[in-house]
Each structure stands twice: as structure tokens, then as C-alpha cells.
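Trainee: In the order they appear, the protein sequences are chains A and B.
Last residue of the first sequence: number 1102 in the numbering used here, and the count goes up by one each step with no gaps.
Last residue of the second sequence: number 580 in the numbering used here, and the count goes up by one each step with no gaps.
Quick caveat, the hints were computed from the structure, so don't treat them as lab data.
One or more of the hints may lead you astray.
[Stated by the list, open to error] Have a look at the derived ranges for each label pair, beta carbon to beta carbon:
1) A:Lys738 / B:Ser439: 13 to 21 Å
2) B:Ser439 / A:Glu567: 37 to 45 Å
3) A:Pro1036 / B:Glu315: 54 to 62 Å
4) B:Ser439 / A:Ser1040: 37 to 45 Å
5) A:Thr695 / B:Glu293: 26 to 34 Å
6) B:Asp427 / A:Ile697: 53 to 61 Å
7) A:Gln605 / B:Glu197: 53 to 61 Å
Glycine included, C-beta positions come from ideal geometry on N, C-alpha and C.
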Amino acid sequence: MASQGLSVDGERQHGQDVRTANVTACVAISNIVKSSLGPVGLDKMLVDQVGDVTVTNDGATILKLLEVEHPAAKLLVELAEQQDEEVGDGTTSVVILAAELLRRANELVRSRIHPTTVIAGYRLAMREACKYIKSTLATPIDKLGREALVNAAKTSLSSKILGSAESDLFANIAVDAVMATKSSKKEDGEMYPLSSIHMLKAQGKSASESQIMQGYVLNAPRASQSMPTSVSPAKIALLGFDLRRAKMKMGVTVTLNNPEEINKIQEKEIDLTALRIQTVLNAGANVIFTTKGIDDSALKYFSGGNAIACRRVTMKDMRRIARATGATLQLNMADLNGDESFDPSMLGHAEEVYEDKIRDDTVMMIKGPKVQPINTVLLRGPNEMMCDEMQRSLIDATSVVKRMLDSNMVVAGGGAIEAAVSTHLENFATMLGSREQLAIAEFAEALLVIPKTLAVNAAKDATDLVAKLRAVHSLAQSDPTKISLSKCGLDLAEGAVRNNFNAGVIEPAVGKIKVIQFATEAALTVLRIDDLIKLNKKENTGEALE
Amino acid sequence: MDGPASVAAGNGMSKEGDGFLSRVSERAKATRLGNITAARSVADAVRTSLGPRGMDKMVQTETGDVLVTNDGATILEKMNVQHPAAKTLVQLSKAQDIEAGDGTTSVVVICGALLEASLELLEIGIHPTIISECFQIGLDKSMGVLESMSSPVDLENREELVRAASTSLNSKVVAQHASLLAPLSVDAVLSIAGDERQGADLRNIRIVKKLAGTVDETELIPGLLLNQSAESGASGPTRIEKAKIALIQFQLSPPKTDMENSVVVQDYAAMDRILKEERTYILQLVKKIKATGANVLLIQKSILRDAVTDLSLHFLAKVKIMAVTDIERDEIEFISKTLDCVPIASPEALSADKLGKAELVEEVSFGTEKVIKVTGVSTSPDKPKTVSVLLRGSSQMVLDEAERSIHDAMCVVRCLVKKRAMIPGGAAPEMEVSVQLAKLAKQLPGHQGEWIRPRRNSGHTRLDELGPHGAGFRVLQVSVSGSMPRLWRSFLTRWRKTPGSTQSKS
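With the rest of the complex left out, here is chain A:
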């Protein structure tokens, strides 16, 4: 072949070889996460180079920790990340679906169908699928009942570590947490910024003792025992500067001729800080949080002023407290006259700030903030791994709730939507008289990988169950009177087909649409590649000199 003569510094693979190699790599990735899909999916334990252990069921997390090297497989990892970012849930499904699409496409190409035909067919199928979900399968809920939100959160949680016994509790926590973040800006309408959900992990007790608490729990103790344990009403100052002894800048040298001056210099250093603290206290503040440090020698000024001070508070906490209490973070006290002062309007207000104990940690509770109510989700679990996984699961659930609130459309879960779309696409394929027909039929088949995997993971007879499911959906689409059957999915506990919509297994429609879109896009990207050129790594020039 002529291309043999192409002398590149590296390897070159092309045609069917590269396609098969890419598909194999992607299928391998999907096989790793496959067993973690669904309410009865199993978890993965990952140990990294340092020896940190992660136990998780979340597709995106697993893939991120895998450090995949193969370029095509990397695409799939990115795909999961993308789904995680855009939707927050369904990261496992998207990878499984993409790999299945690729596997089937490769089979088609092997049986002498040109990849461009497959690509065209897949794209057609994807559009039709999304259209069908939007027009027929999705149910709009105008007045979103709380029940629907809880059910959706439950569906997301059911496949996670929290799903077994406590899904009721956690679904409610997730819904409460999201509702509490509701803020309506003038231009954007209602917004639910998930970043303002505050989660605190505390080991000990069982997961069922987790709760959502009114107020903000700040994981920082009082700076000194001599300070009061509670103040009410609280006026909160948020500072972004050091309250340690004022040090001179680099390049400034203190030279003394008289040894007695030493004392005065040291006093001056302390005085400068004392003056600052006094200015803040004079402005009326009785709770002071700073992101930097406070010297022990400065603590007495706070105690004397009957104020609580906490040091080394993280910037994230500061922002949330600022939003809730109406305080403004002060990086500096300088005013426009070149002096230092503290404006009382910078203070935030809350009903009460007091010290509390969670497990063995002392924390500060901020109750009744003036501007916006704020909640803290307290996660309890027997060990660190469990707590981490609980947090990941809950984040997924909150994003599902947010999607529901944003889009107002829901679909039935548990493989229902995949089976319905698959049946529809099969009918759609037979209507087409071109060679794309084959690709669309394969696309339809590929969608069934989700209910199949669900059934296999639940130790049920996948072939049997999926056949039943398809029969039901075929009936629903051919007979207009049986339209309600289109919401049927798998009941994995019983190993039967049931109406999942009525059973409360629901998911946001936008999530499902994105899964199909992203998976198709990723599959097409891999499929379009017919040439892989791997260049050799550059030699280290340092060695060459030797």
C-alpha cells in the first residue's frame, strides 16, 4: 500500500484496524461501569497511587479516578464528565449507551456498510428520539408538586449507597436543600444555585441520623475560651485580612540605636492590630470571622468586647455567610481619606450565633440570618468513605431536583423511556427506504442496553424481562387506547413490568435527552476517526548531550 512509504516518526494505524481498536477500548471502559447501573448496581472500590480509597457507584467519579490512557477511551471519560456538569446524573448510562452504539456501529461497518451511512443513520435516529421524548413521552407538570420532586430525587438516589433504607429521608433532604437556595434575580427569574448548598460531613452515628438543619453550621471553633459562647442578636463582620501583629513589608528594616526602643516597637506592632480590632468592635460588630489568622495576644480585645471571633474561615463559607446575612467581606479597612475605619453598613445580621457540638467538634451555629434563610445538610456515616459517597449521591440528587424545577418535564424511569424510544425507532426505521434504515435499527437495539443492564444487575432474566417490556411498549404505540402503557418500566425488586410513572420512578426529561444526545455525539466522534497517528515521545535532549 502506498501509505507504507509515509515516514512519520511514530506509528500509524488506519481503516478498520483503528476503528476496531477504538471501539474495543470504549467497550472496555463501559464494561467497568456497567455493573454499577441501577438500583441494585454494585459499587467500585478504587485505590489511587497514594493509597487513598474511594468507594463509589457514580460513573463520572469512577472514570475520573481511572486515569485512562487510550485516546478514544479518554473521549468517553470526558463524556461522563460533560454529563456530570450539564445534568449531574446519568453519567453511567451515557457511557454504557455510547459504548453500545459504537459496538453496533463497528459490526455494521464490518458487514460492509460505510461509516458515513452509519453516522447519518445515527444522527437521524438521535433527532427522532429526542423529538419523540419531547412530544410524546414527557409529561409536563405545571404545578410541580413536592411529591414529584421527592420521587425524582428518590429515583436518582435509588441507585446509590443511600438508596436502600434511607431514600425517603435523603430525598426530602435534597428537595429541602434545593428549595432553600431559591433566589429570584430580576433578569433571570428563579434560580437555584446549587453551589450554595452547604454540606457538612461528620463521621459517627448512622446515615439515618443525617439531617437538614436550620441555619449555617460553620466548622470552626471560637478562637478563645474566654469569649462568650453565644451572642444575640448577632452583628457579623467578615474580614479578609490578618489580625496578627503588624509586620513591616519586605525591604523595610528596623534599625535601633537604643535598646529601650525594642519594647516600644513591639508594643507599636501590637497596638496597630489592637486599633484595628477596636475599630471593628466600635462599629457594633459582636461576631468576627476572618479568613486569615488572629494572634493569641489579640484575642483579649475580643473577649473584652464580648465578641466571638473565628479565624481561618474558608472563602467558600465566607461567601455563603455573606449572602445569607447581608454582610460585605472586607479585604481592607482603608477609607478614602487614607485612614482606617469600618463602616457599620458592612455588617451582616442574624438572630443568634452560638457554639454547638457535633460529635467531638465544636462548631459555630448561625441562626436566623436576616437576608436569606440558609440550611446546612449534616451527613452522618460510619466512616469517611461512606460519608464521601453520601455527599456525591446527594449532589446528584440535588442536581436532579434542580433540573426538574428548571424544565418542568418528567419521564418514567427504570428503562421505560429507553424501551419506548427503541420501539418507536424500530417503526421509524421500517418507514425509511434508504440504507440508513440499518443504522437506525441498530440504534434502537442499542438503547435496550439500559433495561438489559438493569435487569442483569438485579440478577433477573434480562432476555425475558426486556422481551416483556418491548411487547408492552409495542402494544402502547400501536393501540391508542393503551397509551398509558408507554410509561411502563422494570420493577427490579419483583422482576416484573409495571407502570413506573405511577410507582413514582421518574426522572427529568432533559437528563434523558442529554444522555441520548451526548452518547450519540461521542459515538460519532469516535466513529468518524479512520486514522490514528501516534508520534513517538520526544527524546530528552539532556540525555542526548551526554
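Here the structure of chain A is known, so what remains is to put chain B in place on it, guided by the hints.
Mentor: Same frame as chain A, but now just chain B:
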């Protein structure tokens, strides 16, 4: 090329064979063969990526980065080809990229086909100079053919331009977004285009890439986009209406003492003064800026000093000035051109007439990524216009490829601004040239006619390429059977391409 051959002939190594072939040594023949094979293999490598249904290449570079692309020039550049003759083709494709911006794959494929054709001729014993000469005749003729089949373009006719841009975009990875990107590239280029002589300087289009959202959300901003985000540390403003923008090249931080010098404090009272001095110094600067009426500050990056400190941000926030730091040195020119402002190099040079004005400056965030949008810029009409494109994509690979594709599409439009003529795409011109050359070949006396024929065949090669990858012959039929206007191609692109590929035959 004839050099070594004639020397070899002088040495008496030409005893095998008769006719003029005998004067060419075996070695020269082998070299030529080697060169042609290498060049052809380059053409083969990019061949499958041609056309709207072409495939992509995945390249893993020396540093381990992965790249998925459909752009001929990019593939060849990253492939790191080593054979010298093959390198010529790579450069050819690069030249096409610089000159026309698009058609980088076609140029290589045609060149490969020409070389292949010449190989046949060499084998039957025709001297390379004659082949060269005939190719030249063929080239002149094809130029004429292309010129005659082109139709003039009216820049007012936006739809036509969009069609040309779509034709370029259709063969790229981002093809499914062509309906959005094509009008966008046309609008971008047209808004900066001057008259026929000036053309359009693509440097006046700024593409800002953001890794957030999908390509669908790409937008054209008449104004300025900055990749930086507003300094929010001191809760300063992030949205300013009726903005007056100062672009400064000095720093708002206390000057540092030189290495060897130090400030000596001998008295505790002096400590107060030092602290206060820093505050007053910064305060004076901020007040001076405020006095000019500026309410948005763009600060150039400095490697020597901090551009801003907590203290200066604090003051800026107090006087409600929005601060944007880390402006790169090479961005200064574009910014000052866009905003019609003069960069201010020192605090002394501050004055109100150096400020740029805009209706709105605001920070927009997409998830974790942020950009600053400046819209409603008022500029004087004689200044060159600029425009910014906010390109979004879900992964770095998609983003990079989208940038390359949009650049190609813009180049196509730019070509149309320069030379306002178009020809149909989808291999229609190749076919026409081929037919015309065949006619010419019959008319020419002697052997010349014979040798032009292969050149004509090379036109077919391109056609054959589009065929198998175009799902049957649909693409072909569409463009030949009358619906030509659907696939307009920039005339200039083709015009450059043909001489390019003919001349690179050594």
C-alpha cells in the same frame, strides 16, 4: 535534477538502453520515484478526510496531546512527516492555508494525483521537463476555464455568502452546527471588511474560546470579549452601564524597593507613617483615575510587580470602578483598536480623552467560566472595525476543532471579499476543467496533447474521492445535475489551489 544525471552520463554510465532515457541514470530515476511515492503517500493519508462525508484523523502528538481533526493542513502539520519530498506537500498545504485558508486537503490530493499521473508518463519514457511544460499549459488553460465558469458575487447578497461558508464547514467535524456557524462567520467577516483592495484582515476578529456549554451556544459579539474575569475579591462592581474604559499599562501596587536598598526605620512612630504612606500612594492613583471619569479599568499584566493588591482593589471597589487584570501585552492593540482608546503608560498620562466608551460592560458566567462582554462601543467611523466571537464547546478537542473550522469558513468569506467571484463546489469545476482539458489535448499538435491528458485525469481523482465517501454518488449528482448554486465555492480558493499544486511538481 538534471545535474547529477548529466554528470553520470559523462562518466559513461549510460550504456544501458537507447533514446533519451539512456541519459538519465538509474539513480536519478530512483530518486524521482522515491519522491513521488512519498508525496503520494501523504496525499493518501489525507484523502479520506475530503468532502462533507469525509472521515477524521486522530493524532497523538509528541507531548501526548490528542487531536481529532478533519483539516488537511492541521493533520499534515501534526503528522511530523520526515521525507523531504513529502515535506514539500505539507508546506504546500500550509501555503494554501495561509493564502486561501481553506481547501488544504484538496490541494494535497490533486497534487498527489498529478504526481501519480506523471509517474505513468515517466515510465513510458517521457522526459520530466516535457511533462512539466505540459502541466504548465494545462494549468494556464484551467485558470481560464475556472475564470470563465465563475460568476460574480454581490457582497450584499448574504445568503450566497452563507452558502459558500456552509460548503467549507460541511466537511468539518462541527458540520452539524454549520447552520449556525456559517452565517456567523459571514457576519463577522463582513462587519470588518473594507473594499476590494483592502480585503478583510482576519486579525480584527477575535475568537475567545470557553470550555462550557455546547457549540450551539457560540455567538457573535459586536464589541469586545475578554477572557479575563473581573476582580471580585473586594466585591467591586461586575456590571457597568455607560462605561468609560481606561486601558492602563502601569500597576496599582506599592513600588518595590530595589534589591540592595532598604527603608530603614529607627523610630516606632515611623511605622505608622510607612503604613499610611502605602495607603495614600494607592489612594492618589485611584483618585487620579476616578478624576478622568473612568469606571472600568483594564490593567496590563506585569511580570515585575503585582498589577493590583488587595488594597487597591478595595479602593477601586469603593469608588465603583470595575477592574480587570491580566490583560496580555499582545491583546493591547486589539483592545485599543476596538474601544477606540489609547493605552495609558503612566499615571501622569491619564486624561479623559484617552478613554474608550461603551454602553455596557458586564461579566457573564457560564458555570465556572467567566468572560467580560463590552457592547455598544462607540468608535469613530474611520477606524478599522473589529468584532469578537465567543466560541463554546464541551471539550477542549471540540473547541479547538471548531476554532479551526470557523477560521476556514472566515477565510472563504475573506477570499470572496478580495476577489468577488464564485464557482460551484462538489467537484463541479474539476469535472469541467477535466472536460475542457480533454478537448485541448485533442487540438494540440504532437506529443503535447498526449501529455495533457493525464492532468485531466487528476481532476477525476478528486471526483472519485468524493464519490465513495459521499454515500453513493449523491453529492456528485447534485452538483452536476443542475442544482449547482447550492454548493458555491469561493473562486479565489480554487484559483490559488491549481497553480499551487501544479508547481510543486519538481
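Trainee: Hints first: check each against the structure and report whether it holds.
Mentor: Do the hints match the structure? See the list:
1. Take Lys738 of chain A and Ser439 of chain B: their Cβ atoms lie about 19 Å apart, and the range 13 to 21 Å holds.
2. Evaluation of the 37 to 45 Å hint for Ser439 of chain B and Glu567 of chain A yields a pass: the beta carbon distance comes to about 43 Å.
3. Between Pro1036 of chain A and Glu315 of chain B the C-beta distance comes to about 56 Å, which sits within the given range of 54 to 62 Å.
4. Our hint of 37 to 45 Å for Ser439 of chain B and Ser1040 of chain A holds, since their Cβ atoms are close to 43 Å apart.
5. Checking the proposed 26 to 34 Å range against Thr695 of chain A and Glu293 of chain B shows it holds: the Cβ atoms sit about 33 Å from each other.
6. Separated by about 59 Å at the C-beta atoms, Asp427 of chain B and Ile697 of chain A satisfy the suggested range of 53 to 61 Å.
7. As the Cβ distance of Gln605 of chain A to Glu197 of chain B is approximately 60 Å, the hint placing it in 53 to 61 Å holds.
Checked against the numbered hints above, the structure breaks none of them.
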